[in-house]
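> Chains as they are written, first to last, in this note's numbering: chain A, 843 to 1313; chain B, 843 to 1313.
Worth double-checking, as some hints may not be accurate.
[Said to hold, decoys possible] From the structure, some residues in chain B lie toward chain A, with a derived Cβ separation under 10 Å:
| no. | residue |
| --- | --- |
| 1 | 914 |
| 2 | 952 |
| 3 | 1059 |
| 4 | 1096 |
| 5 | 1187 |
| 6 | 1189 |
No lab work stands behind these hints, which were simulated from the structure alone. Every value quoted in this text rests on a predicted model; they were computed, and no experiment measured them. Glycine is no exception: its CB is placed at the ideal position from the N, C-alpha and C atoms.
2 protein chains.
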Amino acid sequence: MSICSQYFPEEPKAPVVATQEHPSVKSKVGIASLGKVFDSRGVYFVADYQKSNGNYIADVDGNVYLDVYAQIASIPLGYNNPVLHEVAQSDKMIRAIIDRPALGNFPGKDAEEIISEILKVAPKGQDKVWSALSGADANELAFKATFFWYQAQKRGYNTEFSSEEVSSVMHNQAPGSPELAILSFERAFHGRLFASGSTTCSKPIHKLDMPAFKWPKAQFPSYKYPLDANVEANKKEDARCLAIVEELFKTWSVPIAGVLVEPIQSEGGDNHASAEFFQGLRDITLKHGALLIMDEVQTGVGATGKMWGHEHFNLSPPPDLVTFSKKFQSAGYFFHDPEIVPNFAYRQFNTWCGDPARMILAGAIGQEIVKHDLSSQAARVGAYLFKKLEAVQSKYPEYMRDLRGKDRATFIAWSLKDAAARNKFLVDMKSVGVNIGGCADDSVRLRPTLVFEEKHADILVAAIEKVLSGY
Amino acid sequence: MSICSQYFPEEPKAPVVATQEHPSVKSKVGIASLGKVFDSRGVYFVADYQKSNGNYIADVDGNVYLDVYAQIASIPLGYNNPVLHEVAQSDKMIRAIIDRPALGNFPGKDAEEIISEILKVAPKGQDKVWSALSGADANELAFKATFFWYQAQKRGYNTEFSSEEVSSVMHNQAPGSPELAILSFERAFHGRLFASGSTTCSKPIHKLDMPAFKWPKAQFPSYKYPLDANVEANKKEDARCLAIVEELFKTWSVPIAGVLVEPIQSEGGDNHASAEFFQGLRDITLKHGALLIMDEVQTGVGATGKMWGHEHFNLSPPPDLVTFSKKFQSAGYFFHDPEIVPNFAYRQFNTWCGDPARMILAGAIGQEIVKHDLSSQAARVGAYLFKKLEAVQSKYPEYMRDLRGKDRATFIAWSLKDAAARNKFLVDMKSVGVNIGGCADDSVRLRPTLVFEEKHADILVAAIEKVLSGY
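Next up, chain A with everything else stripped away, as it sits in the complex (with noise of 0.2 Å):
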């Protein structure tokens, strides 16, 4: 029996198409009534996580939807997955809950056992661990990393802070805090808080009117597909991305201390790069002794066929910090040098220092990846599920452009003409019981839990070809 049919037993075997419209009735009055104490307008349709079960998605009004977005791609089991049920009664969880430690001064006596069960899964290379909220915070958090160690390079890892230093950081002013900046990529998604934000630059309106810190953007290799018929194309594309980089550490106007890179640019369209790009950002950091930070918060934890996204590029030296979130539920980052643990104490710290309720849950998600396998297990559902999106494409060129991710699994997206187009997709999709979400302005993109199967993706394709075929 499958993992999922041993998970959820009770699994709908098909989506249920309860009303015309989507949001329907019940929904609408669901959001307008939210919408009284809560911004809703972003809601797009009231969940009856109850009835949701496996990769279903149950709405208000008896839809029930086969769910290839699943929380912006952070449901790790599907919906009600029994082992987490059971986690989330036991009493290590009630505990964790009820009895939330601030976690760097007064960790309870199984906290060791928390992190280490996240550590299980860390990327090869990686032994520590820091945990954060979100995944802006863990990306902040990375960034505060980086900025100590660098700091750390220059002065001597255990020199004292100067006067001036401890002065001027009063006044927001330097050397006690100093120009320094984060580079990161055209087209990136990294949060939206500021710091995090001002690394972002995947669409305007994650951050119009908040101010930024003036660091640099490079930019991302924007590939030709299908890949394989355009290998000299995409090479001299990863060599003219690779030489932005390398000018911007010689030319921006303050110090670069870190390179912040997703595995697969995500929100920003599923953009893919080589191994050779990652690798000569891995270069290009160590000459000039800056970090490189992977953000894995939407690209880990299985999603990609492997533990983590960056491990298809077999990085040398690993990368210095991994940040996580979303399928994990629980966020932070892995590191492995022992100078990014801040040189005194108190540095990286603050009241909760991570929840270690979540924090409890992505070990349990861990643990039952490992023990299923399900990283190769999406490998193989991603495999069959592209070569079938393949045979779409050629019927419906126009609906399917630019098709990507092929051997990342089920982290699958393609484009379409335009924005209008693309979201009218996504919208008809509901009306075939398929829950979808869109990245980038033109595109879609796939990103269903750890135990979609076969048996999903012949519904969801099946559903994909009724929409398609009635343009």
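Since chain A is already given, all that's left is putting chain B on it; use the hints.
For chain B alone, coordinates are given in the frame of chain A:
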């Protein structure tokens, strides 16, 4: 029977001091072992939360401390509170844990109820809430709301962004990324991310080596104690500090969009200011078209004898944004002006938009506080305790300078002559069975739970006397 006895029939009658050193053997082993995977240099002791109960926290060496620090002011209703235990086991909580929604896109049908519970204890005049994940996150989201609002005032609430804004923002340049500031105060603490860090000004260690926004710092009043003997001098101090704020509005190199202030500067030393000072800030922000943000991360949720610390000031009109975290176990901000909801969707947005599991807990905490009027109880117990501490102060004036927090419930602090004396006192208190924290360099702060009663105050005062009598 008192509410504490009702909740905790098994609460210890007194601390247990089982070891000479704190931390002792097992804690030290645990700290070293935890340190291999996590930065454990800030750990006081390894706690045994299973054995912790009510106002008492146990460590792994058999010590049981009366806890007047409460996870850096963030345990609201005592350890292993039975009501929260029930909430943690509820179906609603279990689903919130295992089916974590992307709240802005796919809220569950109970989302409105969960949010409304939190709104039931909103500060007077606030009828909307936006959720976050930590105090720093809450403050930064409040900054975003402030900057969005400020720019909307200039361009018109429903006006589209200009093409220049849309293109410049992708390069982190004005006008899309405008040069705007949040004004905060010297000795303030508002978090340790990059924008919140730029408003924090309590200790250099919180922000050294982090790039910062060049935002202004005004001066927060430094009162002479006891307050009733220094009325005139303190009034002058208010006027002096307000004049600085006014001056910064007129002279700062970039426009100030908001003023951020704690009702009592907590981390920075329990620095108090008068209702008149805060009303002055309110008036200045109105005059200059800026928002007033009250950071209630530490002062909120009953701790000062009212649900919200700023309710002591009767501000008119009420503050524009009130941020919360800690004792609510959930974070976010309250507001009332509909124009603080951004003009377009997806501006104040992120994957999770808070954590329903923690929001359910916040609602339950609020309910219990109202049901048992725990703010009033804190006021009553605080008055009792303050009087006793005044008596201690008259015996040991050297070790209890500037006793402060009268009429602010158990939100009490005092200073010693320097950091060394303060640090020694904190350690010595452990040897008589009390877990107690500091603020600023030279001060002691009391932050017990809301179920701290007269009997606990007696134990605390006796312990303090025991320590001081040995000096």
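> So, for every hint listed, does it hold in this structure?
Quick rundown of the hints versus the structure:
{"no.": "1", "hint": "914", "in the structure": "holds (5 Å)"}
{"no.": "2", "hint": "952", "in the structure": "holds (8 Å)"}
{"no.": "3", "hint": "1059", "in the structure": "holds (7 Å)"}
{"no.": "4", "hint": "1096", "in the structure": "holds (8 Å)"}
{"no.": "5", "hint": "1187", "in the structure": "holds (4 Å)"}
{"no.": "6", "hint": "1189", "in the structure": "holds (6 Å)"}
Violated hints for the displayed structure: none, as all numbered hints are satisfied.
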